[in-house]
Amino acid sequence: MTEYQRKAYTSIQKFRIFDNEFLPFIDSMYNFAFRITFDEDDAKDLVQETYLKAFRFINSFQEGTNAKAWLFRILKNSFINDFRKKSKEPAKVDYQEVETYYNSDDVNRPITSDLRVESLQDMIGDEVSIALNCLAVDFRTVIILCDLEGFTYEEMAKILDIPIGTVRSRLHRARNLLKVKLHTYAGSMGYKVL
Amino acid sequence: MAIKFPQWFKGVYQIKSKDCSDCDRCLEVLQLIIDGEADQEQQLYFRKHIKNCVSCLDHYHLDQEIKNLIKQKIEIKSVPSDLIESIRNKILETA
Numbered sequence: 009m010t011e012y013q014r015k016a017y018t019s020i021q022k023f024r025i026f027d028n029e030f031l032p033f034i035d036s037m038y039n040f041a042f043r044i045t046f047d048e049d050d051a052k053d054l055v056q057e058t059y060l061k062a063f064r065f066i067n068s069f070q071e072g073t074n075a076k077a078w079l080f081r082i083l084k085n086s087f088i089n090d091f092r093k094k095s096k097e098p099a100k101v102d103y104q105e106v107e108t109y110y111n112s113d114d115v116n117r118p119i120t121s122d123l124r125v126e127s128l129q130d131m132i133g134d135e136v137s138i139a140l141n142c143l144a145v146d147f148r149t150v151i152i153l154c155d156l157e158g159f160t161y162e163e164m165a166k167i168l169d170i171p172i173g174t175v176r177s178r179l180h181r182a183r184n185l186l187k188v189k190l191h192t193y194a195g196s197m198g199y200k201v202l
Numbered sequence: 273m274a275i276k277f278p279q280w281f282k283g284v285y286q287i288k289s290k291d292c293s294d295c296d297r298c299l300e301v302l303q304l305i306i307d308g309e310a311d312q313e314q315q316l317y318f319r320k321h322i323k324n325c326v327s328c329l330d331h332y333h334l335d336q337e338i339k340n341l342i343k344q345k346i347e348i349k350s351v352p353s354d355l356i357e358s359i360r361n362k363i364l365e366t367a
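Those protein sequences? They're chains A and B, same order as listed. Numbering-wise (my numbering), the first sequence opens with residue 9 and increments by one. Numbering-wise (my numbering), the second sequence opens with residue 273 and increments by one.
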């Protein structure tokens, strides 16, 4: 009976994989780390720790496969394990709270405005950035992974360790929240709203 | 931080134009379209639906614009120059 044993990479192979397949994603990793920690030093630590872990467990990475998703998964786990405890944000998004506001009846308020594509296009980067940063970290995460980093739903499900259905619904909620915030900015900045 | 969803917002997602009997399904597929996750059947359905439904077409443009905003206007933080070196050194230490 033959036993399949995973071949361990040689040192040269490891460094080659590290340089060619892992390091190219460091910009994306750092940007994501910064967006979830809001702190440059924390982001640096998080990225460094991720790459150290990636190197340590490099034998479980199949050369030529999806390094980006693999690395982001390590980063996200490191964030949860090491940083989330320190974070002031609630550990779990209170979906019940979101649902309650979504369903609350505001019948006295007239339908006065609508978010227009034109007013969105006039927005400057800061407003969009602030709106994004206002989201709870779980919502912010899916927006970044999907819209900024271009991960598929399936990749996101693997990175975040959640079902694809949850990826979809979380994205849907996150985008709705963004719309509300952007609409608030549009109105308050005097952009033309119907 | 309290978020009050204004009436207009709920109204947007309840709009049913005279021609549109299927907005709930359409909005679900819409997200798949925006994210490039719709299969061929869903794409055909969607294209057919927005020919007759202005409100869903509006939603599509709005959602697409939101996605574009994120892609184009969010500043990408650049990696501090010492970080790569620091990582390499750490790895060489422990390797």
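FYI, nobody ran anything at the bench for these hints, they're computed from the structure. Among the hints, erroneous ones may be present.
Unchecked claim - Examples of chain B residues lying across from chain A (beta carbon under 8 Å, computed):
(1) Asp307
(2) Leu329
(3) Leu334
(4) Asp335
(5) Ile342
Quick caveat, the model's predicted, so the values are computed rather than measured. Quick reminder that beta carbons are idealized off the backbone N, C-alpha and C, glycines included.
Results for each hint:
Taking 8 Å as the C-beta contact cut-off toward chain A, the hint placing B:Asp307 at the interface holds, the least distance being around 6 Å. The beta carbon of B:Leu329 comes no nearer than 11 Å to any beta carbon in chain A, farther than 8 Å, and the hint placing it at the interface is violated. Taking 8 Å as the C-beta cut-off, the interface hint given for B:Leu334 holds, the closest approach to chain A being about 6 Å. Proximity of B:Asp335 to chain A holds as hinted, the smallest CB-CB distance being about 7 Å (cut-off 8 Å).
Checking B:Ile342 against chain A by beta carbon gives a least distance of about 4 Å; that is within 8 Å, so the hint holds.
Violation of the numbered hints given earlier is confined to hint 2; every other hint is satisfied by the structure.
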